[in-house]
Amino acid sequence: MTTMDSIALSRQMLDGDKMIVNMGPSHPTTHGTLRIVLELEGETITKATPEMGYLHRGVEKLGESLSYQQFIPLTDRLNYCSAIMNNVGYATAVEKLLDIQIPKRAAQIRVLMSELSRVADHIVCVGVNAVDIGAFTAFLYLFKQRETAYDLFEMAAGQRLHTSFTRIGGLFRDIPEGFVPLCERFLVECAEAIDELERLLTKNPIWHDRTKGIGVISAEDAVNWGYTGPSLRAAGVPQDLRKAQPYLGYETYDFDIPVGTTGDVFDRYLSAWRRCARAYASSGRCWTAWSRDPSWWMTPRWPCHPRRRSTPGWRASSTTSSSSCTAWRCPWARSTAPPKPPTASWASTS
Amino acid sequence: MIIEHIDAQLPGTVTDRHAFRGDQTIVIAGEHLLAVVDLLHREGFQLLVDITAVDWPEREQRFDVVYHWLNLASQERLRVKVPVADGGSVPSLTGSFKTANWFEREVFDMFGIGFDGHPDLRRLLTWPDFPGHALRKDFPLDGGDVFCMEGCTAPYNNGERGGR
Amino acid sequence: MSELDINDAVMTTRLDAVVNWGRKNSLWPMPFGVACCAIEFMSMMASRFDLSRFGAEAMRFSPRQSDMMLILGTITNKMAPVLRTIYAQMAEPKWVISVGVCASSGGMYRTYATLQGVDRVIPVDVYVPGCPPRPESMIYGVMKLQEKIEKESLSMRKDHIARFYESLARQESLQAEKGLTSQQAIREMLMDAGERGVGTIF
Numbered sequence: 001m002t003t004m005d006s007i008a009l010s011r012q013m014l015d016g017d018k019m020i021v022n023m024g025p026s027h028p029t030t031h032g033t034l035r036i037v038l039e040l041e042g043e044t045i046t047k048a049t050p051e052m053g054y055l056h057r058g059v060e061k062l063g064e065s066l067s068y069q070q071f072i073p074l075t076d077r078l079n080y081c082s083a084i085m086n087n088v089g090y091a092t093a094v095e096k097l098l099d100i101q102i103p104k105r106a107a108q109i110r111v112l113m114s115e116l117s118r119v120a121d122h123i124v125c126v127g128v129n130a131v132d133i134g135a136f137t138a139f140l141y142l143f144k145q146r147e148t149a150y151d152l153f154e155m156a157a158g159q160r161l162h163t164s165f166t167r168i169g170g171l172f173r174d175i176p177e178g179f180v181p182l183c184e185r186f187l188v189e190c191a192e193a194i195d196e197l198e199r200l201l202t203k204n205p206i207w208h209d210r211t212k213g214i215g216v217i218s219a220e221d222a223v224n225w226g227y228t229g230p231s232l233r234a235a236g237v238p239q240d241l242r243k244a245q246p247y248l249g250y251e252t253y254d255f256d257i258p259v260g261t262t263g264d265v266f267d268r269y270l271s272a273w274r275r276c277a278r279a280y281a282s283s284g285r286c287w288t289a290w291s292r293d294p295s296w297w298m299t300p301r302w303p304c305h306p307r308r309r310s311t312p313g314w315r316a317s318s319t320t321s322s323s324s325c326t327a328w329r330c331p332w333a334r335s336t337a338p339p340k341p342p343t344a345s346w347a348s349t350s
Numbered sequence: 001m002i003i004e005h006i007d008a009q010l011p012g013t014v015t016d017r018h019a020f021r022g023d024q025t026i027v028i029a030g031e032h033l034l035a036v037v038d039l040l041h042r043e044g045f046q047l048l049v050d051i052t053a054v055d056w057p058e059r060e061q062r063f064d065v066v067y068h069w070l071n072l073a074s075q076e077r078l079r080v081k082v083p084v085a086d087g088g089s090v091p092s093l094t095g096s097f098k099t100a101n102w103f104e105r106e107v108f109d110m111f112g113i114g115f116d117g118h119p120d121l122r123r124l125l126t127w128p129d130f131p132g133h134a135l136r137k138d139f140p141l142d143g144g145d146v147f148c149m150e151g152c153t154a155p156y157n158n159g160e161r162g163g164r
Numbered sequence: 001m002s003e004l005d006i007n008d009a010v011m012t013t014r015l016d017a018v019v020n021w022g023r024k025n026s027l028w029p030m031p032f033g034v035a036c037c038a039i040e041f042m043s044m045m046a047s048r049f050d051l052s053r054f055g056a057e058a059m060r061f062s063p064r065q066s067d068m069m070l071i072l073g074t075i076t077n078k079m080a081p082v083l084r085t086i087y088a089q090m091a092e093p094k095w096v097i098s099v100g101v102c103a104s105s106g107g108m109y110r111t112y113a114t115l116q117g118v119d120r121v122i123p124v125d126v127y128v129p130g131c132p133p134r135p136e137s138m139i140y141g142v143m144k145l146q147e148k149i150e151k152e153s154l155s156m157r158k159d160h161i162a163r164f165y166e167s168l169a170r171q172e173s174l175q176a177e178k179g180l181t182s183q184q185a186i187r188e189m190l191m192d193a194g195e196r197g198v199g200t201i202f
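Top line first, the protein sequences correspond to chains A, B and C. For the first sequence, the numbering used here gives the first residue as 1, with consecutive numbering after it. For the second sequence, the numbering used here gives the first residue as 1, with consecutive numbering after it. For the third sequence, the numbering used here gives the first residue as 1, with consecutive numbering after it.
I should point out that these hints are in silico values taken from the structure, not numbers from a laboratory. Heads up, a few of these hints could be off.
[Claimed, not checked] If you anchor each label on the Cβ, the simulated ranges turn out as follows: (1) B/PRO57 x C/SER173: 39 to 45 angstroms; (2) C/ALA169 x A/GLU192: 52 to 58 angstroms; (3) C/SER52 x B/ARG42: 58 to 64 angstroms; (4) B/GLU76 x A/ASP256: 51 to 57 angstroms; (5) A/GLN245 x B/ALA8: 22 to 28 angstroms; (6) A/PRO246 x B/GLY95: 31 to 37 angstroms; (7) B/GLU58 x A/ASP99: 49 to 55 angstroms; (8) C/PHE61 x B/ARG17: 51 to 57 angstroms; (9) A/LYS203 x B/GLU76: 38 to 44 angstroms.
Glycine residues also receive a C-beta, built at the ideal position from the N, C-alpha and C atoms.
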């Protein structure tokens, strides 16, 4: 049954007060590509049918024909507001599989960059949430901080947004000279910005009217629906992966996690924003920790990236050697010779 | 710990098990899935983290539907694999886990595996009449898209209309 | 006096110049924000880079109220008909800037799901490469569009827009006669264009 069929069915049950509105994939507040078909009764949404897939780019399929190292830039683009964290997550997973221990300095720098990108991500999250509700000022003030964070990323990784900073076994390179003073300055200015936003929004009656009691979800429902992250904590479940199953040395850092009660939009805003504040604080602690610890930023035992077998049963090509970086290609990956035009089978709809 | 529990309560359901780098995995048959899931739910594995699948084309039961669970109380994780053949199906978990709804739709879209009892099993990531199932190993990366191939030119070339 | 003669070429040019000057300095962007380039677009609209210096502060997410569409992010095959509908809903004069490599050529996603360049389905005026392009690059793209608008004549540039509307009509008739979804119809039109050796469907 397609979406339109389900709409037609509910149309049969409509009386004169209900309205069906398509909040289409191009919409200012969907921030991307979510389509929701809404049934409205006045200003209350009685039913919402989401439809997604408008940004399905085939990343997993691409990954089948790339090596572990080549996949890192693709991970950047998964959550583009905090690209470094995706790099870190992916690299950590591959290192777990290959049983590579990364040097302590690399782990600390990864934590620092992750926390900085977490701050940047929550700036987008809360800033854009504020814009959607009508508070444009918050967005402008916060993006000034995000620009400083971008400067830090650019200094470290060479790119503002899609950093591709990690490598399997460590990092792209060590933190450069000017990073530390700028980071210090960022931590001071960002603290002021975080407080400013709390003063602007947290006790604001307009903000309360627009967010309190909206989109409430209980803890059991949140777990049943598979929530993770700030939304799960806003619903009252104190689950934070950094505390529950620490990685990259998070057990050595001292921080607490904000937990909400009702799971409404206000709690989710608070959960995200307080987490931003904690992230800023832990990035500060992390910075003081690693700045005193000189060591490698890259595992010395893996100077080249390891190759990956795409599927079992496929043999390597004879030209690869232990120091080459080519991936073992599957027959469905792009070949070097231009292939013939497609046959009709893929053009048919059956 | 949970695997011993499953062995005790539902003997014979676990056909294979392995632990690798701290992750524990069990392989069970499709007909036992609902019983095992019921047990897991009672034991506290209430967060269904993901459902996905892997295609092993040389095998007779070519797909492995993979489920990941997290026990929030004990922070224990479990991976469950269910082998299924091409054209086969597994029971749907939408009864006990609402999050399974879209996960199963994604697996159906990408692999073509059916889920019995799913309220609305249709494609999620691609459009309704998309030809084929994308993550199968015999589906080409470009999906037959003419312009994905090497050697094709851009439509505009310095203001002049280009072509092949 | 000779300046009042409407057939006088000097009069037409001056009218063009004035109208184009007005148009280029008040481009109201419609951000078709889809992915990462939209975040850099947000940076561009924020205080450090500030696109409003160019008269483009009035971001209108409605195609009916804007004249410049910025395509920010990867357009997938599922999104292509939506993009065409939105473009069709814009009133003329309208321009399109394809921001980022994903919109310009499919970017790093040479896959079954990604449209290999937005210019295959709608006419594009300026391409801004980058992944994502820096806000300065995007501003440069807007400036290039301004240069292009300066040189436009009031009657000349409607050809590709007319062809676009024809292709939209063809798409709808293909959908009606074969019972396809819009995505599959566009897919078929793209395959057909590929076979004929043409890069676009309009």
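Here is what the structure says about each hint:
1. B/PRO57 x C/SER173: 39 to 45 angstroms: At 40 angstroms between Cβs, range holds.
2. C/ALA169 x A/GLU192: 52 to 58 angstroms: holds (57 angstroms)
3. C/SER52 x B/ARG42: 58 to 64 angstroms: At 59 angstroms between Cβs, range holds.
4. B/GLU76 x A/ASP256: 51 to 57 angstroms: violated (23 angstroms)
5. A/GLN245 x B/ALA8: 22 to 28 angstroms: Holds: the Cβ-Cβ distance is about 26 angstroms, inside 22 to 28 angstroms.
6. A/PRO246 x B/GLY95: 31 to 37 angstroms: Since the Cβ atoms of A/PRO246 and B/GLY95 sit about 34 angstroms apart, the hinted range of 31 to 37 angstroms holds.
7. B/GLU58 x A/ASP99: 49 to 55 angstroms: violated (27 angstroms)
8. C/PHE61 x B/ARG17: 51 to 57 angstroms: Holds: the Cβ-Cβ distance is about 53 angstroms, inside 51 to 57 angstroms.
9. A/LYS203 x B/GLU76: 38 to 44 angstroms: holds (41 angstroms)
Against the hints set out earlier in the document, violations occur for numbers 4 and 7.
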